[in-house]
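There are 4 protein chains.
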Amino acid sequence: MRDYVEIGIGREARRAYELRDLSIVPRRRTRSSQDVDTSWHIDAYTFGIPLVSHPTDALASPEFVIELGKQGGLGVIDAEGLWGRHASLDDAVGRVVSSAKQPFGIVSEDQYREYIDAGQRAVRALQELHAAELDRDLLTERIAQVRDAGVTVAVRVSPQNARELAPVVIAAGAEILFIQGAVISAEHVQQGGEPLNLKEFVGSLDVPVVAGGVFDYSTATHLMRSGVAGVIVGSGESETVTRVPMATAIADVAAARRDYLDETGGRYVHVLADADMTGSGEIAAALACGADAVMLGQPLAQASEAAGRGVYWEAQSAHPRFPRGGVRNELSGAQVPLEEVLFGPSSDPWGKLNLVGGLRRIMGKCGYTDVKAFQKADLAIRT
Amino acid sequence: MRDYVEIGIGREARRAYELRDLSIVPRRRTRSSQDVDTSWHIDAYTFGIPLVSHPTDALASPEFVIELGKQGGLGVIDAEGLWGRHASLDDAVGRVVSSAKQPFGIVSEDQYREYIDAGQRAVRALQELHAAELDRDLLTERIAQVRDAGVTVAVRVSPQNARELAPVVIAAGAEILFIQGAVISAEHVQQGGEPLNLKEFVGSLDVPVVAGGVFDYSTATHLMRSGVAGVIVGSGESETVTRVPMATAIADVAAARRDYLDETGGRYVHVLADADMTGSGEIAAALACGADAVMLGQPLAQASEAAGRGVYWEAQSAHPRFPRGGVRNELSGAQVPLEEVLFGPSSDPWGKLNLVGGLRRIMGKCGYTDVKAFQKADLAIRT
Amino acid sequence: MRDYVEIGIGREARRAYELRDLSIVPRRRTRSSQDVDTSWHIDAYTFGIPLVSHPTDALASPEFVIELGKQGGLGVIDAEGLWGRHASLDDAVGRVVSSAKQPFGIVSEDQYREYIDAGQRAVRALQELHAAELDRDLLTERIAQVRDAGVTVAVRVSPQNARELAPVVIAAGAEILFIQGAVISAEHVQQGGEPLNLKEFVGSLDVPVVAGGVFDYSTATHLMRSGVAGVIVGSGESETVTRVPMATAIADVAAARRDYLDETGGRYVHVLADADMTGSGEIAAALACGADAVMLGQPLAQASEAAGRGVYWEAQSAHPRFPRGGVRNELSGAQVPLEEVLFGPSSDPWGKLNLVGGLRRIMGKCGYTDVKAFQKADLAIRT
Amino acid sequence: MRDYVEIGIGREARRAYELRDLSIVPRRRTRSSQDVDTSWHIDAYTFGIPLVSHPTDALASPEFVIELGKQGGLGVIDAEGLWGRHASLDDAVGRVVSSAKQPFGIVSEDQYREYIDAGQRAVRALQELHAAELDRDLLTERIAQVRDAGVTVAVRVSPQNARELAPVVIAAGAEILFIQGAVISAEHVQQGGEPLNLKEFVGSLDVPVVAGGVFDYSTATHLMRSGVAGVIVGSGESETVTRVPMATAIADVAAARRDYLDETGGRYVHVLADADMTGSGEIAAALACGADAVMLGQPLAQASEAAGRGVYWEAQSAHPRFPRGGVRNELSGAQVPLEEVLFGPSSDPWGKLNLVGGLRRIMGKCGYTDVKAFQKADLAIRT
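So the protein lines, in turn, are chains X, P, F and H.
Numbered per the working numbering, the first sequence spans residues -19 to 363.
Numbered per the working numbering, the second sequence spans residues -19 to 363.
Numbered per the working numbering, the third sequence spans residues -19 to 363.
Numbered per the working numbering, the fourth sequence spans residues -19 to 363.
Note that these hints are calculated values from the structure, not bench results.
There are no misleading hints in this set.
For chains that are exact copies, the list does not tell them apart, and a pair is met inside one copy or across any two.
Here are the simulated SDA-like pairs of lysine to any residue, each with C-alpha atoms no more than 25 Å apart in a straight line:
no., residue 1, residue 2
1, K352, R(-6)
2, K50, G259
3, K50, T258
4, K332, Y92
5, K81, Q315
6, K332, D97
7, K356, E(-2)
8, K179, E60
9, K81, Y92
10, K81, D97
11, K352, D242
12, K332, Q82
13, K332, L109
Model, not experiment: these values are computed from the prediction.
Build the full structure now, drawing on both the sequences and the hints.
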């Protein structure tokens, strides 16, 4: 039974919870973090770490995607971002980056106005760069470059353009297809249009599909029934379209996975949490809520391989009409190699580096040696 | 059953909730935002968007009111504000605006004191400007100017002066009368005075009346029984007189609408939420709590047509004895046409522009195509 | 039944609430604020407003005490403060005031250190000034000066020194005796010492006694049984010794008043809330929780009659070993006459001026015409 | 029965609480703080105050440890810190301290970056200093120096190195052994390694053992069964590895103590709270939750005897891979003798000085004369 409150006469709302309010309660036996196995298996693929990058050009330079693959994770390329639109990725990203200002030293109206203006200039630059035509040959060429490096190739398309672009990116070498929008459903209803029948479409593809974001049990169940290999919970944004608290959303979708597993007699659909996590603690909380892997954004912008050189934005910041989240230039200190972001060593006392080391440590200290077992960890909530 | 806590021995308080704590849970089917119908029908009038401006002279220049009408909304003129008191509206508003300082660059006691003083000077200017005598001819002339532009004319009077001023503004062209104070009741009791009998008064008028603000089921029910076409919940202030959380207040008044509909066998009284909403997310939450339309203030001050040129205040800031809320000069960036505030395009990543587009998107992503259905959306609450 | 949570295995805590989380729900009938009667009757005394000043020398200059009395309230003189210790009150207070710095313009380590040092210097000055010997003739003379002005004279003594000082201040003209410490009980147990038997002591006096602060039902009941005319809830500090949330404490003590009234067949003991209220909203909340009057501190420091010229501290800041709260210099803008602080007119948009006007307005808008009825107002709580 | 919420479908979390949300409700009888007995008896040792220092080199200079012992508390030496690694403790600590910057005057990107860099340099310095080889003779010599001063000698070793180092430090004079890591269990499981069998190990020692940190009932029970004299709850960090709220953790471990006492027919295992307390209020809350003594860190850095001269860090900041918490330079004002930090006199109005005086006062005002009785004090919780 859900936990409901009456917010007004005859109107109920369900209590929902955020990841940051969760604690994981240690079990009786601690484990060495060296004995913790973080590997993640989806379809025919195995990853050493349950970590997928958010499909934003702020992260996905070819170097970044290749390096993340080599480190055991999965980098996702946005087929509808800058890769297929601009001959020089460096120049395109550079145009956005050069607009972004850090939020320091603002002690006058003029400086504040300039900071706000810079934020809008950066968004406008993104919008213009995304308005350029998509050159499929260029996109194909760049995807092939990643494939040649020997890492697993994952490419994201939007639900709107999936039918058109999926064949292109699969031909180019995509081994896992992400169909990802801010909010998705198995059955998008559009008057007069011809919505994507996800079940039919997924069935027609030769590669596994991961789709999302979803926020509830019912939508997740329908996505699972369409044959996807994984479902993404959330949209990376801290302030999502509908502001559904993520701990609840992840746990609900994990429940859908459980019920669908029973319904099908054994089809396990993976749950990926795309929940604006800031460090090992929230990554651990997302897994403990039932996620099999996490989709990570801003924390990976610390990597020197990241395209944005420390500046971060999400795909939705480039939306022509509803840009959200903005171009953030909030990192401090020098960037470090991705390997160091993931595995240390670290002299950073705020837990922003050594993300996987931190996760292993939490899992071990709490007494768990693999993610599947950790999904059942005892939770406490601060309220 | 309400949800009560015992705050002390034998003393209970009802749990109440704010709009900002609400989330809307998407349904299984997403919709295109192009298929979302936001139209609002009240009495004989139809509006393309469920959006009414708060009756403050910080917004209501004649240009603003006309433009808001053309864009599908309803601008409300304050009959007891500056329109009927000063030959030059520009000069009057300008006197207030020139006093207001932005809260930046304060690094000394003197600067802080100057900021506080400026805030009081701006309020004093408002108070003095409101103390000028009301010139009914001037007011009539200005209302007629709006009427001539072909948009629906809505004028606000206070409960105290309704009897005297309503005939004037109706004669001048007001098609919808707003009787609006910070808190109102159908039966205002004053010793030795002759309070407004709202039922009798509303019955005597030829135009539909919208009245408020109210904060509870019982007062709302009594207002409905007085024959009004609409009830306003709230008073626009973030810190209201009695600080009643607005999600609860809106849901309670929507319950009163439902019960009154049943009681009368079909009289539908509209609920307008005047709840200091800051963007599309809170507008959507207010509708999902049961509002038929929202009364919007500060976010519309971004419009270049707004009288205050980015500076905002509410009518209660001009109160001769209890000025509240102050004259706020917190906007940043250049002002943009009202059309852009409502419908974009936008390079603003904080969701302050494209308010209606944002609302449509939320409704569509959550699976709803009209406001009436959206009033039943599943809610979640962060606690 | 109280509302308890289990904070750990076998360990419970009662849920408790703060004044600032309360809202007052308007009733069906609004009233004019002119019809609101705020008068307060205790023992043989009647006050126009239910407002007592906290016994601190930051407020209580003779001018302040006299003016507060003339405005309808009750100013309380601290018999153990500076009045009886220093020939020139102005010089003594001035020494404290000149040390206090405002918290602005701190942008370096040196400036922060200087701000902290200034705070400690101000406290040290207070401690030293309080260490001077008490000159009973001087105290007597100053109390008489207030009495001669024709206002009701209230003097505070500590529980420790009550036996010794009460006769002195009563002889000097005190008409109401406040026995007030941070936490008080009817039965203070001290090994080897001779604690004050409050019942016997109160019975021996010719003037009504108000005693506190208390925080719970049981201590309040015992104080009431000792024969006091009033009980003070709280100690004025926002961060009290035991940090008990004040809405709960006031409601509990009001319950003790009710039960004691029944137990005695009609003895009504007044409840005074000393709860660090910042404006009309919290004063109203304290009354709605069951207080008959409020003891007010910092907001009265805005009065030009206040001794501290805008600088504020509580008696406990002078404690030789546990100074608490500090000397605060946080006011901005010029000081205004006490009359304006209480009754306006006001150009202050933050509700800090016109405190009584604001209270009347809240009571009237919520539909109440006297404090006794207002104690039963419907409450809502934000959680 | 615990208090659980459903955070998502089929996934529960237990509600948990922080110390800072607790209030202690005064009883009917107040006591003089002079009658409060704060003495703490563990094994054969008696301490005047229930106060143990966190084993960090930021505190533990030999002077600090000796002075804390003389003042009635217990200073804990970290056997794996700088004492046994560097000939000049002053130089080693000085290298860390000189890197740390205070967080003031940051108004530009460069200054912020420099502040962040300084934080990382300080951590790196700590990491390098901890990488130096452990000289057992040097460690032995320094421990002996403390022993010679006549105070009780307590030394901390990590679970990993306990077997190897315990004999060394006991031979050097340690009278109480602390086996302390961020999270500990009685049965650490490591594949291929040979984990410490705590029961066997504790039984083999001649000195009492205090072990931790633990966060739950079950782990605490198992530690108790291993024969330790005391269990530490928490790890000093405000943001612990698993972020378990500390009021709940302390109360749970106190429940384990109670049950273990019953199970063994009388073996009382002490509970030490290591919970990042900031002053007397939180120390009192920790005891009221069931702790017998508290382990204190940052507040003791105000002592002029503290090694870090006001700069503070915890052992985990030196962790080679997961440094946490950082080197904090947040104190203001001059340092004062430890005696003044503990017992005043104080001109500090924020309750940071006179920690034990403040504790006595809270206990007395609430009506308790010893810690054991105070563990049953009535609690209230703000939620």
